[in-house]
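Trainee: Line by line, the protein sequences give chains W and A. Using the numbering used here, read the first sequence as starting at 1 and increasing by one per residue. Using the numbering used here, read the second sequence as starting at 1 and increasing by one per residue.
These are computed hints drawn from the structure, not numbers from a lab. Only a predicted model underlies this, so the values are computations on that prediction, with no experimental measurement involved. Keep in mind that the hints are not guaranteed to be accurate.
[As the list claims (entries may be wrong)] Residues from chain W that face chain A, not an exhaustive set, calculated with beta carbons under 7 Å: (1) Ser28; (2) Glu32; (3) Met221; (4) Ala229; (5) Gly272.
Backbone N, C-alpha and C define an ideal beta-carbon position, used for all residues, glycine too.
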Amino acid sequence: MSIESQSEVGDGSGGGTENQYGWRYTISKVLEDTTARWGLYVVCVVLFISAYTAIDSNLSVITFGRVSDFTFAEALPLLEDPERIPPPGETDGNQPPVFHADGSITHPLGTDPDGRDYLSRIVYGAQVSVSVGIFSTLIGLLGGTIIGAVAGYYGGIVDDILMRSVEIVYAIPPLVLIIVFTVLISGGSPDIQFAIVGVGIAFIPVFARIIRSEVLSVREMDYIEAARASGVKDYNIILRHIIPNSFAPVMVYATLQIGVTILIVAGLSFLGYGAQPPTPDWGEMLRVSHGHMLSNIWLSIWPGLAILITIMGFNLLGDGIQDALDPQIDD
Amino acid sequence: MTEPLLRVENLKTQFFTETGTVRAVDGISFEVNEGEIVGLVGESGAGKSVASMSLMRLIDSPGEIVGGEITYNGETIFGLEEGPDGELREREDMLSPERMRREIRGNEIAVIFQDPMESLNPVFTVGGQLREFIELNRDLEGAAAKEEAIEMLREVGIPDPEERYEEYPHQFSGGMRQRVLIAMALACEPNLIIADEPTTALDVTVEGQILDLVDDLQEKYGTSFIWVTHDLGVVAEICDRVNVMYLGEIVEQAPVDELFYETSHPYTNALLNSMPRPDRTVDELEPIEGMMPEAINPPSGCRFHPRCPDAKEVCTRVHPDPKVVDTVDGDPHRSACLKRDAFDVGYDESPPIDAEPDVVAAAGSGAGGEDDE
Chain W
1 MSIESQSEVG DGSGGGTENQ YGWRYTISKV LEDTTARWGL YVVCVVLFIS
51 AYTAIDSNLS VITFGRVSDF TFAEALPLLE DPERIPPPGE TDGNQPPVFH
101 ADGSITHPLG TDPDGRDYLS RIVYGAQVSV SVGIFSTLIG LLGGTIIGAV
151 AGYYGGIVDD ILMRSVEIVY AIPPLVLIIV FTVLISGGSP DIQFAIVGVG
201 IAFIPVFARI IRSEVLSVRE MDYIEAARAS GVKDYNIILR HIIPNSFAPV
251 MVYATLQIGV TILIVAGLSF LGYGAQPPTP DWGEMLRVSH GHMLSNIWLS
301 IWPGLAILIT IMGFNLLGDG IQDALDPQID D
Chain A
1 MTEPLLRVEN LKTQFFTETG TVRAVDGISF EVNEGEIVGL VGESGAGKSV
51 ASMSLMRLID SPGEIVGGEI TYNGETIFGL EEGPDGELRE REDMLSPERM
101 RREIRGNEIA VIFQDPMESL NPVFTVGGQL REFIELNRDL EGAAAKEEAI
151 EMLREVGIPD PEERYEEYPH QFSGGMRQRV LIAMALACEP NLIIADEPTT
201 ALDVTVEGQI LDLVDDLQEK YGTSFIWVTH DLGVVAEICD RVNVMYLGEI
251 VEQAPVDELF YETSHPYTNA LLNSMPRPDR TVDELEPIEG MMPEAINPPS
301 GCRFHPRCPD AKEVCTRVHP DPKVVDTVDG DPHRSACLKR DAFDVGYDES
351 PPIDAEPDVV AAAGSGAGGE DDE
């Protein structure tokens, strides 16, 4: 009895003061928030689908050769190879979805003009979108963090040179910049990986500015001076003391940025600077479908919905993380 | 007499700001012998911290050490010579920035900072930081470094060091953090520790404990200390010799007892009168009149004369450099006051200043014209 009550007291005080930090606390805070929780669900589903299809397509390529052999996806009766164009006569193109009078259960979302199963293409498209969101954001985050931290820590001329050049990049409209980067990097034959890098580079300035402003206050802290006084090398100070202490705001920004990059790369694909056929990418699917808008509106609606839901999921989750990490907001 | 551990001669550190050159440290000289605690005392803005950071060559732009010589254990930390074109340049035997970082900072000279709340990195565990510091400056790796870190935590009186090793700075109280910082400074067994107002942010009981701890550790390791503080009580407690700083200059330099009982400079006297003392009962403490002037444009003559109760006309003209006024057990007692016989500039005959002290301060500093009073 006494032991029990003691441990209760311990837990109570611990919960109030001790556990207000750390990733466990952050996650529990995020889960308390209903909208953020839904965001997390959506993100988990999208992540699961893309991981599944990534393993699937890579395994089938590595072990069996691409098209003909068994894949996980084909074990699911509803999914087909998203890139294989069926020979004439096998499948009708432009089939409507299943709830339509002319629809069929074998192609729940219908087929595209080439007769490919649209559900399979939407599902495989998640993989492209997720890798776009994550890798573009990572490129921006890494580049921005390094530039911002170095500029903020050294100040003076280093700061001037780095931040002024970053601001020049910042002054150009992002879409124009991204298209130029993408075309330059790809050497004239655009593809999704170049779009990822281009978008990542284009967002370096935003991250650099955020982290620099944080670093400016962190570098005045005594523990930085203490580190210098104990003979720590500059790059160790930046890596171990400056960056970890200025990282929280960029982390939050990065989670929100994932949704934005997905949208932008979808836009690039739509314009023809991103994923190329026959890659199943939502933006690319929109591009193909817009010529068939009048005959089959569903071709545009499905990828649009997929983009909408995914981005909303990432944004809701990002908002939730932002609230959870902000000590000012407490309900 | 043996060579002192640290010798500072005529050190000058200036900050080149838009409003003018701030002479934060203006020609100070002092020595630190082995196993000695030397106090550096003065008001806020006297240049104590800048002086101590200059010793580590950790002065950031727009600040710069512009003159003087710092010798540590035979190595030249800072020194200038006249180049062939007549310009001053850094001497060749001066330690390179790389050697300064690798050999001096942390290894030979360590620093304890004023604010224990801000001197530990909040995102790493206390033990991790201590271990990193040990790995950095000593040839210990991994488990051995961790053991040494825990040993140091125990040494500075932290209970359950094994458990607290894994905790973060915010889980420590101020006094405990200061103990951690002392552990960090001692961890590499430096010969000299610069303690920059290490007890100012602590309450008095904790301050007492920390001073006791430092006393014990100093005895055990034989480390020398430069103790920067504005608290003469602390000075009386632990220092062997004291340097009193005013506006970038050392105005009095004496062994600690001599300073308290044979006070020679009016500024030191004023400092002593402005704090409560157990050996004296007064109705009211006497604060020092006025504010310390800006170091951009210091008063002419003796820099303390606008606030000095004993100032005479000659004090506004003649700038006194510290001179030996007495010698106790081989240690000189230096003072920079024209009243002392050592100066012989006609202080006694000089007429007293009859103008208002504030007016004199304004005229002397040349920058107080807008003063409403």
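Trainee: All hints, please: hold or fail.
Mentor: Do the hints match the structure? See the list:
1. For Ser28 of chain W, the shortest C-beta to C-beta distance to chain A is roughly 19 Å, which exceeds 7 Å, and the interface hint is violated.
2. Checking Glu32 of chain W against chain A by beta carbon gives a least distance of about 23 Å; that is not within 7 Å, so the hint is violated.
3. A cut of 7 Å between beta carbons decides the hint on Met221 of chain W: the least distance to chain A is about 5 Å, and the hint holds.
4. A distance limit of 7 Å between C-beta atoms decides the matter here; for Ala229 of chain W the minimum to chain A is near 4 Å, and the interface restraint holds.
5. Hint status for Gly272 of chain W relative to chain A: violated, with the closest Cβ pair at about 45 Å, above 7 Å.
Going through the hint list in order, the structure does not satisfy hints 1, 2, 5.
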